[in-house]
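2 protein chains.
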Amino acid sequence: MTRGTLYVIGTGPGSAEQMTPEALNAVAKAAEFYGYGPYLDRLSLTGDQKRIVSDNREELDRAKAALTRAASGINVGVVSGGDPGVFAMAAAVCEAIEAGPPEWREIDIVTTPGVTAMLAVAARAGAPLGHDFCAISLSDNLKPWDVITRRLRLVAEAGLVIALYNPISKARPWQLGQAFDVLREILPGTVPVIFGRAAGRPDEKIVVKPLSEADANLADMATCVIIGSPETRIIDRGEKPGLVYTPRYFAGGSK
Amino acid sequence: MTRGTLYVIGTGPGSAEQMTPEALNAVAKAAEFYGYGPYLDRLSLTGDQKRIVSDNREELDRAKAALTRAASGINVGVVSGGDPGVFAMAAAVCEAIEAGPPEWREIDIVTTPGVTAMLAVAARAGAPLGHDFCAISLSDNLKPWDVITRRLRLVAEAGLVIALYNPISKARPWQLGQAFDVLREILPGTVPVIFGRAAGRPDEKIVVKPLSEADANLADMATCVIIGSPETRIIDRGEKPGLVYTPRYFAGGSK
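Residue numbers (this note's numbering), protein chains in the order written: chain A, 14 to 268; chain B, 14 to 268.
Careful: at least some of the hints might be erroneous.
No distinction is drawn between identical chains; accordingly, a pair holds when it is met within one copy or between any pair of copies.
Listed below are the simulated DSBU-like cross-link pairs for lysine-lysine, each with C-alpha atoms no more than 30 Å apart in a straight line [stated by the list, open to error]:
{"id": "1", "residue 1": "K222", "residue 2": "K42"}
{"id": "2", "residue 1": "K42", "residue 2": "K183"}
{"id": "3", "residue 1": "K42", "residue 2": "K218"}
{"id": "4", "residue 1": "K63", "residue 2": "K222"}
{"id": "5", "residue 1": "K42", "residue 2": "K253"}
{"id": "6", "residue 1": "K222", "residue 2": "K253"}
{"id": "7", "residue 1": "K253", "residue 2": "K77"}
If you're looking for bench data, these hints aren't it; they were derived computationally from the structure.
All chains, full assembly: derive it from the sequences and hints.
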């Protein structure tokens, strides 16, 4: 039988200005949309297009529901904030396909990449990701906490700038504070830490603190936290916000 | 005096479909554009808008020229491929401002983020960046080679997926092969390596090899190389290309 196509759609950081035409075209092609409510709210749908809202933590069930519909011949959209390939729905869809019935492997998967949160925050703060960096999810729902702290130690020793996704939530209140403690053992206290919330949206808020004063209370679920390397610098511009950036050259501040 | 605004513009991976409306709006506001020729070629300029082409390796001089013009009151665009904050012009502009005359700090800097190469390649391959990952530039023009190999070892030990930018060029022919050798000492030979060239463009080419067979000749200047972690898997789909992905959960394949 003819299978539908499953579009895995990245809506970018939240402003319509930062969503690609490719993602909009994918939206036009699908009949049903699966996702977390606030991400689905970003789409302008016609009366014929259907929304199926699910909770933020139900990625795998959502992926299965969407694949079931696509297998039956419907064109389906699975919607992510930012980029769907970064700690988001593209991996959940793959997990579901691997464990699912053989017909799910016959579905065309079309993923439209998007501007992921760390890139939007970095653009507002200066150029903190101008040199080697990493992205680490602080969620210990699917990964043991000691794996996370081990990774933080190794990337800090490597001198990489660190973007933390999923830094904090009601169910995970202490992890970010402990991550700062781990990093303070390795990195200088002067390293800049950027708390970037809702970058590119009307309620955007960017706060910069030295690591010695970084406080987990400055973050919430919608925050991307970027921790500089020993190479990361701040250009003072008087009344304008400072520019936080990591040079392309290696000055020797990290190893 | 009134300063111009300096727009640092990300054009995305290359297809017009993957450039954001925000970047297009920034293009509309500037009078002069500085960049590498192939990136400037992506812009549709009016007869009044001026192009100043420079070589790919002249980022700092280009930034200085653009800042000089912006300081004199002109709205200027500095153009990058992908995202300007990732191994690109945003950091070069900051370097120039920090070392430049005080009036350069009075210029408004507006950076429009874009879809960076690794996200575009990942979207085509499956979801290889679905869990913790890093981006490392393999260029030793501005960073000693032993720093690069040390970083590769640490991030491989950390179990991160590794995206390599600037993997190879005529002037740097042997670095990618040596990077594979370093990683083969730490990672299983079965780890998938994605060679993603020109993702999203008509001449796109995605090749996947196990690390044991990864060959630097499969890459050129326009390639982003993504090396999986021990958690990264491939879903066989028969005639369709396999889906390379890194699960959101931690199965214990890496530490």
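Which of the stated hints cannot be reconciled with the structure, identified by number in ascending sequence? 1, 2, 4
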